[in-house]
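Here the protein sequences line up with chains D and R, keeping their order. Numbered by my numbering, the letters in the first sequence go through residues 1 to 332 in order. Numbered by my numbering, the letters in the second sequence go through residues 1 to 332 in order.
Keep in mind that the hints were calculated from the coordinates and are not lab data. Among the hints, a few may not be true.
Since the list gives no way to pick one copy over another, a pair counts as held whenever it fits inside one copy or between any two copies.
Straight-line C-alpha distance at most 16 Å; calculated EDC-like pairs for lysine to aspartate or glutamate [as the list claims (entries may be wrong)]:
#1 47 to 268
#2 47 to 204
#3 47 to 110
#4 47 to 111
#5 47 to 118
#6 47 to 196
#7 47 to 10
Number of protein chains: 2
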Amino acid sequence: MTRAVPTSADVARLAGVSRATVSYVLNNTNAVRISEPTRRRVHEAAKELGYVPHAAARSLRAGHSRMVLMPTPAVSVGPLYNRFLSELQWSLSRLDYTVVQYGRVGLTGEEAARAWAELRPVAVLAPGAHDLGPQGVALLKRSGARAVITFGPYQVDGAHALLMDQRSVGRAAGAHLLARGRRRIGVIIPQEPGLEAFSRPRADGVRESAEGTGAQVVEVALPYDEGAAARLAARWRSLGLDGVFAYNDEYAMLLMRALQDEGIAVPDGTGMVGADDLMLGRLLRPRLSTVRVELPSGQELAELVDRMVSDPSAEPPARQLLGAELVERESG
Amino acid sequence: MTRAVPTSADVARLAGVSRATVSYVLNNTNAVRISEPTRRRVHEAAKELGYVPHAAARSLRAGHSRMVLMPTPAVSVGPLYNRFLSELQWSLSRLDYTVVQYGRVGLTGEEAARAWAELRPVAVLAPGAHDLGPQGVALLKRSGARAVITFGPYQVDGAHALLMDQRSVGRAAGAHLLARGRRRIGVIIPQEPGLEAFSRPRADGVRESAEGTGAQVVEVALPYDEGAAARLAARWRSLGLDGVFAYNDEYAMLLMRALQDEGIAVPDGTGMVGADDLMLGRLLRPRLSTVRVELPSGQELAELVDRMVSDPSAEPPARQLLGAELVERESG
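The task is simple: from the sequences and hints, build the whole structure.
Spelled out as structure tokens, the structure:
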């Protein structure tokens with residue numbers, strides 16, 4: 001444990017070559033012709049010493065790293081988005097990037113950008129565009145990031161925006177409830193911090209779908225809590241709602257249970273639509289109608305990142321990412 | 001965008017001081033006395049230029065970094081463990097560590113250790129101890145990691161083990177079902193890859209609880225899939241089980257729905273216990289009995305990491321992390 005960390009100088013000494021040669025061989029540089037026997041000697045010496053190249057030293061020499069930094073999302077984002085992030089990381093690693101997630105530790109805006117910049121990533125993929133800001137983007141670029149890509153509802157000056165317009169989710173739910181004849185539609189607004197970025201545009205989408213139809217849209221606050229759901233169910237009849245968009249499938253399960261315990265039938269009393277198409281929705285009775293959210297493949301986005309690192313100006317500044325499709329089952 | 005990255009030399013020039021002084025001031029070194037006006041001048045110059053210290057360069061000078069590396073768990077680990085990881089990251093950042101998660105990109109064993117070592121972390125917190133191996137631990141330590149800490153069921157030579165003995169979860173479930181008079185107990189084994197590390201020891205725990213009681217324990221494979229659950233429910237009566245430990249609350253929900261659709265009553269026909277105490281268990285009818293898993297505070301573990309970084313030999317090589325407590329509701 002107190003053994004010194006082997007360096008490239010140790011490898012060079014053991015292999016009987018220069019440090020530059022070690023660097024050329026281990027970084028697979030083709031700029032310089034090095035004979036096969038020499039290459040083999042370097043690899044064997046590195047193996048014998050247990051030498052691991054230092055990414056930081058390499059990036060200091062190269063002037064940039066192969067590190068893609070993805071801040072951890074602030075809120076638990078659900079299985080769908082997790083699968084998407086995981087596929088994106090795989091695809092980036094196949095393109096020889098090192099993907100690290102930066103722990104969400106209360107930093108926002110320029111302060112977060114400064115902390116990320118210390119790691120000198122060549123690209124930053126930031127969920128939650130809204131709190132990075134143009135100054136944060138500029139700071140990251142000054143520190144060597146060739147691509148700053150945001151995921152979220154807004155565009156940020158200087159960054160490439162992958163727009164995830166959650167309004168399309170609300171629009172799909174609203175249009176479906178209206179087509180089934182619902183005329184006074186509740187929209188559940190979760191009270192957990194961090195979810196506004198999703199819940200606000202989803203509610204806006206329901207309102208957009210109702211424009212010009214004469215139908216009413218009513219926002220209903222609901223914390224993710226059994227007692228609160230029971231209290232809401234107890235005053236449900238007084239709200240006069242005949243349909244509800246429950247924000248997502250988990251809130252739909254919470255609300256459906258509370259309504260059923262109160263003797264309010266779904267869908268006869270109130271038609272209900274969730275979102276995200278989780279397994280649990282299929283296990284409810286009645287089976288939950290939901291909005292399936294479609295994300296592009298991680299492969300596709302990894303290639304976008306790679307193109308932007310090669311030529312930051314080659315891509316259009318924004319593209320729309322989310323697709324939304326209604327899955328009709330029994331609840332509404 | 002093409003502006004050069006400002007360096008500490010630029011800051012030194014603007015502030016009219018040496019690069020060493022810039023380094024002393026910005027790294028808050030107290031070894032050298034520097035006047036307040038000089039400190040102020042350095043900070044102002046850094047701000048004006050938008051200078052961000054390079055973590056890598058700093059760690060090259062210091063010989064070690066303040067980076068704690070946590071590989072992303074291979075499988076989705078549920079809200080409880082996510083909350084724990086998030087609290088741990090907060091606590092580490094308050095102790096001035098930079099926490100990065102390394103994307104799970106198919107690397108295991110020594111290959112994974114090599115990729116992590118390139119970032120020269122001062123500590124590694126690795127979930128999934130089993131695939132790192134003693135060689136991986138040694139390699140990380142040779143590359144400067146002062147603490148290598150594994151989470152999982154096993155101990156790995158050279159690493160500090162935070163043992164998460166999932167058997168205690170199975171034991172709590174088994175003991176409860178036995179106390180309720182169940183004599184032939186099924187144990188659900190999920191078929192999703194990556195879950196064996198949890199499901200095997202949980203099943204072992206149920207078996208341990210039944211030792212010497214004359215009760216039988218039967219393993220039952222179940223993929224997380226509606227059709228498979230329906231097929232299992234159709235042959236449930238032929239299995240002759242009067243109790244079941246459903247691996248976790250999500251599998252319990254899947255199985256309970258399939259049994260109820262098949263006309264098998266819970267708990268009268270089959271008593272059922274889940275695990276993890278998720279909200280959805282409370283929303284089922286009958287309400288799901290479950291095993292609540294208790295993890296230590298992130299604060300406590302962050303302090304352990306900090307002590308190990310200061311003095312790697314000061315801590316005992318292992319400690320038990322998991323507590324398990326049965327929560328009785330209505331299903332079993």
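Each hint tested on the structure:
Taking identical chains as interchangeable, the C-alpha atoms of residue 47 and residue 268 are never at most 16 Å apart, the minima being 70 Å within one chain and 63 Å between chains. In this homomeric assembly, residue 47 and residue 204 never come within 16 Å of each other (Cα to Cα): the closest approach is 59 Å inside a single copy and 40 Å across copies. Taking the shortest Cα distances, residue 47 and residue 110 sit within 16 Å of each other only across copies (12 Å), while inside one copy they are farther apart (42 Å). When the C-alpha separation of residue 47 and residue 111 is checked against a cutoff of 16 Å, the pair qualifies only between copies, where the shortest distance is 13 Å, while the shortest distance within a copy is 41 Å.
With identical chains, the CA atoms of residue 47 and residue 118 are at most 16 Å apart between copies only, with a shortest distance of 15 Å across copies and 31 Å within one. In the homo-oligomer, the alpha carbons of residue 47 and residue 196 never lie at most 16 Å apart, since the shortest distance is 52 Å inside one protomer and 33 Å across protomers. For the homomeric pair residue 47 and residue 10, the shortest alpha-carbon distance inside one copy (12 Å) is at most 16 Å, but the shortest distance between copies (40 Å) is not.
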